[in-house]
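A.B. asks: Residue numbers (the UniProt record's numbering), protein chains in the order written: chain Y, 1 to 346; chain C, 1 to 332.
Treat the hints as calculated values from the structure; they're not laboratory data.
Be careful, since some hints might not be right.
[Unchecked claim] Straight-line Cα separation of at most 20 Å, EDC-like style, residue types lysine to aspartate or glutamate; simulated pairs: (1) Y:276 to C:131; (2) C:120 to C:131; (3) C:256 to C:44; (4) Y:281 to C:211; (5) Y:282 to C:211; (6) Y:82 to Y:49; (7) C:134 to C:107; (8) C:159 to Y:49; (9) Y:276 to C:232; (10) Y:281 to C:249; (11) C:152 to Y:289; (12) Y:281 to C:232; (13) Y:282 to C:204.
[Claimed, not checked] Sample of chain C residues at the chain Y side, in silico, Cβ under 8 Å: (14) 1; (15) 3; (16) 44; (17) 163; (18) 167; (19) 195; (20) 201; (21) 204; (22) 226; (23) 228; (24) 266; (25) 270; (26) 277; (27) 281.
Idealized CB from N, CA, C, for every residue including glycine.
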Amino acid sequence: MTNFHIPDDALISVEKLQMHFPIKKGFLGRELGAVKAVDDVSFYIRKGETLGIVGESGSGKSTTARALLRAYEPTGGTIRFKDPEGNWHDLTHKSEAEMRQLRQYMQMIFQDPYASLNPRMTLLQLVSEPLVNNGITNKSELEDRVADLLIKVGLRPENMTRYPHAFSGGQRQRIGIARALALNPTFIAADESVSALDVSIAAQTINLLQDLQEQMGLTYLFITHDLSMVEHISDRIGVMYAGRLVEVADTASFFEQPLHPYSEALLSAIPIPDPKRARAKKRGLVKGEVADPANLPVGCAFASRCPHASELCHMSNPELTETAEGRFVRCHHSADLKLQGANYDQ
Amino acid sequence: MQDETILEINDLNICFEMREGTVNAVNGVTFSVKPGEVLGIVGESGSGKSLSARSIMNLLPRNATVTNGSVKFRKNDGEVVDILAEKRESRKMRELRGGHIGMIFQEPMTALSPVHSIGKQIMTTLNLHTDLSKKAQVERAADLLAMVQMPKPMEMLKKYPHQLSGGMRQRAMIAMALSCNPSLLLADEPTTALDVTTEAQILDLIMSLQDELNMAVIFITHNFGVVAEIADRVSVMYLGNAVETASVDDIFYHPKHPYTRALLQSIPRLDGQKRRRLQTIEGMVPDPFNLPTGCVFHTRCAEKMAGKCTSQIPELTHFENDQMARCHLHQA
Numbered sequence: 001m002t003n004f005h006i007p008d009d010a011l012i013s014v015e016k017l018q019m020h021f022p023i024k025k026g027f028l029g030r031e032l033g034a035v036k037a038v039d040d041v042s043f044y045i046r047k048g049e050t051l052g053i054v055g056e057s058g059s060g061k062s063t064t065a066r067a068l069l070r071a072y073e074p075t076g077g078t079i080r081f082k083d084p085e086g087n088w089h090d091l092t093h094k095s096e097a098e099m100r101q102l103r104q105y106m107q108m109i110f111q112d113p114y115a116s117l118n119p120r121m122t123l124l125q126l127v128s129e130p131l132v133n134n135g136i137t138n139k140s141e142l143e144d145r146v147a148d149l150l151i152k153v154g155l156r157p158e159n160m161t162r163y164p165h166a167f168s169g170g171q172r173q174r175i176g177i178a179r180a181l182a183l184n185p186t187f188i189a190a191d192e193s194v195s196a197l198d199v200s201i202a203a204q205t206i207n208l209l210q211d212l213q214e215q216m217g218l219t220y221l222f223i224t225h226d227l228s229m230v231e232h233i234s235d236r237i238g239v240m241y242a243g244r245l246v247e248v249a250d251t252a253s254f255f256e257q258p259l260h261p262y263s264e265a266l267l268s269a270i271p272i273p274d275p276k277r278a279r280a281k282k283r284g285l286v287k288g289e290v291a292d293p294a295n296l297p298v299g300c301a302f303a304s305r306c307p308h309a310s311e312l313c314h315m316s317n318p319e320l321t322e323t324a325e326g327r328f329v330r331c332h333h334s335a336d337l338k339l340q341g342a343n344y345d346q
Numbered sequence: 001m002q003d004e005t006i007l008e009i010n011d012l013n014i015c016f017e018m019r020e021g022t023v024n025a026v027n028g029v030t031f032s033v034k035p036g037e038v039l040g041i042v043g044e045s046g047s048g049k050s051l052s053a054r055s056i057m058n059l060l061p062r063n064a065t066v067t068n069g070s071v072k073f074r075k076n077d078g079e080v081v082d083i084l085a086e087k088r089e090s091r092k093m094r095e096l097r098g099g100h101i102g103m104i105f106q107e108p109m110t111a112l113s114p115v116h117s118i119g120k121q122i123m124t125t126l127n128l129h130t131d132l133s134k135k136a137q138v139e140r141a142a143d144l145l146a147m148v149q150m151p152k153p154m155e156m157l158k159k160y161p162h163q164l165s166g167g168m169r170q171r172a173m174i175a176m177a178l179s180c181n182p183s184l185l186l187a188d189e190p191t192t193a194l195d196v197t198t199e200a201q202i203l204d205l206i207m208s209l210q211d212e213l214n215m216a217v218i219f220i221t222h223n224f225g226v227v228a229e230i231a232d233r234v235s236v237m238y239l240g241n242a243v244e245t246a247s248v249d250d251i252f253y254h255p256k257h258p259y260t261r262a263l264l265q266s267i268p269r270l271d272g273q274k275r276r277r278l279q280t281i282e283g284m285v286p287d288p289f290n291l292p293t294g295c296v297f298h299t300r301c302a303e304k305m306a307g308k309c310t311s312q313i314p315e316l317t318h319f320e321n322d323q324m325a326r327c328h329l330h331q332a
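Full structure from sequences and hints, please.
C.D. replies: Here is the structure:
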């Protein structure tokens, strides 16, 4: 079991999730090692909240989301999900047929609205596909449901017979959202869902996601590399580095005072859209480059870039520990460090 | 051309003739850059920001036509070159490109040659623009790599782009762009493909080099955060128009154009206000084949004045401190 308490209103709990991809070589496919894309990741998401996961490319955030919905077969750990009746399901031990049943409650929105929609399907076919797969076949009922969904995401139902190419990036992302909502899910994983959109369109999409959350009581896992976006939308934040979760905290305390040196480095690195604050900022906190998940060091993966690293950090890998209620950090020295957050008051 | 400027773009118009009709990609862009100044150009996709930059290098796509306007560049010796009057491959253009004007791109993997080592690529530039001996070129190339803070510069010279990480490739490209001490550096979204921590390192590097070498920089991005960090002056582009140009502080604290204001309100900020609803800009960017009449922004503008904005193209209005905006609200 985990070394922390899972609250009663949790919808999802993940314990020691592990997703290793083997590195194979040669004709016989000898295994040379593994890319530890996700390693020892544990967290929970409460019902109705948004958990934002931030990290740089290769940190394992998308892999975590995909493993959560069993789009990948995790190589270790357990994932538990509470269905709307209140029964817990251990997703790691479900058959494909059982998973299909559960996936009506768990949906995903993807990053690239150009690649994630089949160009040969009309809007009606795209949005009704999940409904058809779950046994709704009456044509007029399908059309009604699709029209409702399109209105919900701000698209015009008259356009139902058109193909994705007729829509802009922001509209396509709405089609993706309509598809995800078709089966009245309780949980949605949004993987970089606004990263490919222009500023003004991203804002519209974020507002839509927040409105839907209020109307339908949705729970989100929101994955992004954009810290200002995550601050805006999330109730709690998890930071990933080299396949591991290094810090989990509620949004306000995270930005006020991060506990992990990598979180501090991330906060110092985000460009702030405010020239006066940008000039006052502490610079040059991060050196070096992200650790290679195929070749992780024995100790803490951040040690080689960390200004506070000691011998201990290079020798042993710290555990994710709960320092206060709901506040988790994976660092040997977090108790002694006084790290700088993002200053709000200038 | 004004005395104190190094680059002047005046009323530039670029269009593409396509089967579906004419796309007016750049419509009357005007801006200038002073020596040692960082001009940030921000805009959403399709606003014409990259195209304006490419016209400075005289490297427009072959199917693009310049219908009006001029781009003038002042060399160190005071000679003014009318770039668009030159042939694309003229001796003068080749002297400017790489010699007086350096350029770095968004995706270093596609901008660098995959079959030549980093050292070889830097030395090619040196070979074309200087008369250094082979040995001096190697030394200069290693110095450049050291200047962009690459570890073990002598060994790095022998590496190929695929052996380097994204951040390192971008450093190599900066070294190449700076190899002949350009007085103007064009940076087209150089950090967009990078992670935040690497982005911060590259921005710090560009800023310190800019300071050290006192060169002018034109920095193109869609990220307002990056602009706030790096730019002295900012030009905001929308649908091929530079709708507002001003100092970075005036853009952020006293924006004059409704589009600038709306954009600034639509970005999430780290302000500790949770669940503040983002202001959005109504509607979508219009189809470039079919630009709106009058002010191009009127279809989405919250402060549109019926009759005026829909029919008349606004003139540039000048304010204090070199701020200028193209909007009827400010015209008497």
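A.B. asks: All the hints need checking, so say for each whether the structure fits it.
C.D. replies: Evaluated hints:
1. Y:276 to C:131: violated, 45 Å
2. C:120 to C:131: With Cα atoms ~16 Å apart, residue 120 (chain C) and residue 131 (chain C) stay inside 20 Å; holds.
3. C:256 to C:44: holds, 18 Å
4. Y:281 to C:211: holds, 18 Å
5. Y:282 to C:211: The given pair, whose Cα atoms are some 18 Å apart, holds under the 20 Å limit.
6. Y:82 to Y:49: Judged against 20 Å, a Cα distance of about 14 Å means the pair holds.
7. C:134 to C:107: violated, 29 Å
8. C:159 to Y:49: Violated, at about 48 Å.
9. Y:276 to C:232: holds, 12 Å
10. Y:281 to C:249: Between residue 281 (chain Y) and residue 249 (chain C) the Cα gap is close to 16 Å, so the pair holds against 20 Å.
11. C:152 to Y:289: holds, 16 Å
12. Y:281 to C:232: Measuring from Cα to Cα gives roughly 17 Å; hence the hint holds.
13. Y:282 to C:204: Holds - the C-alpha atoms of residue 204 (chain C) and residue 282 (chain Y) are around 11 Å apart, at most 20 Å.
14. 1: violated, 29 Å
15. 3: violated, 28 Å
16. 44: holds, 4 Å
17. 163: violated, 14 Å
18. 167: holds, 6 Å
19. 195: holds, 4 Å
20. 201: holds, 7 Å
21. 204: For residue 204 (chain C), the interface hint holds, since the closest Cβ of chain Y sits about 6 Å away, which is under 8 Å.
22. 226: Constraint on residue 226 (chain C) satisfied, holds at 5 Å.
23. 228: holds, 5 Å
24. 266: Because about 4 Å separates residue 266 (chain C) from the closest Cβ in chain Y, which is inside the 8 Å limit, the hint holds.
25. 270: holds, 5 Å
26. 277: Interface hint status for residue 277 (chain C): holds (6 Å vs cutoff 8 Å).
27. 281: holds, 4 Å
Violated hints for the displayed structure, listed by number in ascending order: 1, 7, 8, 14, 15, 17.
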